[in-house]
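S.K.: Sequence:
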Amino acid sequence: MIEEPDAIPFASSSSFSETIRASGGIPGAFSPIPLTVNGVTSSYVDGGVTNNTPIGQAIDAGADDITILYVDPPDTRGRLATDNLAEILLGCFSMMQQRILDLDLQTAMRVNDAVGANATDTATKRIVKVRTFRPKLPLSVGIIDFDKQTLINDAFNMGVADARAGAPYQA
111 MIEEPDAIPF ASSSSFSETI RASGGIPGAF SPIPLTVNGV TSSYVDGGVT NNTPIGQAID
171 AGADDITILY VDPPDTRGRL ATDNLAEILL GCFSMMQQRI LDLDLQTAMR VNDAVGANAT
231 DTATKRIVKV RTFRPKLPLS VGIIDFDKQT LINDAFNMGV ADARAGAPYQ A
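Residue numbers (the numbering used here): 111 to 281.
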């Protein structure tokens with residue numbers, strides 16, 4: 111279900127575009143966006159700063175089927191480009207986000223295992239289906255290349271081909 115801007119508690123029709131801008135505001139690349147929520151104005155940036163893939167929050171909100179779309183192949187973890195400070199910072203940020211995702215996935219899988227084994231402390235828990243999709247190769251577009259439509263098209267087409275080529279990991 112897609113909610114109308116007025117139905118979203120933190121956004122009015124007049125601030126919806128600013129809310130969307132803030133949701134993609136990568137610190138260091140974009141200025142924080144001031145938004146007024148419940149009468150208080152604060153600066154907002156991309157929610158990925160705290161958790162790029164909020165699996166726990168989705169489960170707590172009632173999700174029982176979660177799909178995660180990675181933008182990096184599995185063999186690139188831990189590699190940092192060191193040509194300049196910006197690349198080092200982006201690499202560090204990426205590694206932090208990956209670690210948060212790994213821990214959230216591990217927790218979800220442990221809960222699934224416990225519920226499946228009828229563990230005594232799982233009365234309020236349920237099994238959650240988790241699917242992940244990952245590209246086989248690095249994408250041809252980076253976060254600062256969103257003005258290059260050809261690269262975006264190439265990355266999209268590669269993702270479609272990778273998704274069609276094999277079944278996703280399922281837990």
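Since the hints were made in silico from the structure, they are not lab data.
All figures in this text were calculated on a predicted structure; none of them were measured in a lab.
Virtual Cβ for every residue (Gly too), placed ideally from N, Cα, C.
Some hints here could point you the wrong way.
To be verified - Restraint-style ranges between C-beta atoms, simulated for each label pair:
| hint | residue 1 | residue 2 | range |
| --- | --- | --- | --- |
| 1 | G172 | A139 | 43 to 51 Å |
| 2 | S153 | D255 | 35 to 43 Å |
| 3 | S133 | T192 | 27 to 35 Å |
| 4 | N228 | N263 | 22 to 30 Å |
| 5 | D223 | P142 | 16 to 24 Å |
| 6 | P183 | N263 | 14 to 22 Å |
| 7 | N228 | G138 | 43 to 51 Å |
| 8 | D175 | N228 | 16 to 24 Å |
S.K.: Take the hints in turn and mark each one as holding or not.
M.R.: Evaluated hints:
1. For the hinted restraint 43 to 51 Å between G172 and A139, the CB-CB distance of approximately 33 Å leaves it violated.
2. Distance hint for S153 and D255: a CB-CB separation of about 26 Å, inconsistent with the stated range 35 to 43 Å.
3. Between S133 and T192 the C-beta distance comes to about 29 Å, which sits within the given range of 27 to 35 Å.
4. Between N228 and N263 the C-beta distance comes to about 49 Å, which lies outside the given range of 22 to 30 Å.
5. Separated by about 40 Å at the C-beta atoms, D223 and P142 break the suggested range of 16 to 24 Å.
6. A C-beta distance of roughly 19 Å is found between P183 and N263, which places it inside the suggested range of 14 to 22 Å.
7. About 48 Å separates the C-beta atoms of N228 and G138, a value consistent with the hinted range of 43 to 51 Å.
8. Between D175 and N228 the CB atoms are about 22 Å apart, so this pair conforms to the stated range of 16 to 24 Å.
Figure legend: structure checked against the earlier numbered hints; hints not met, in rising order: 1, 2, 4 and 5.
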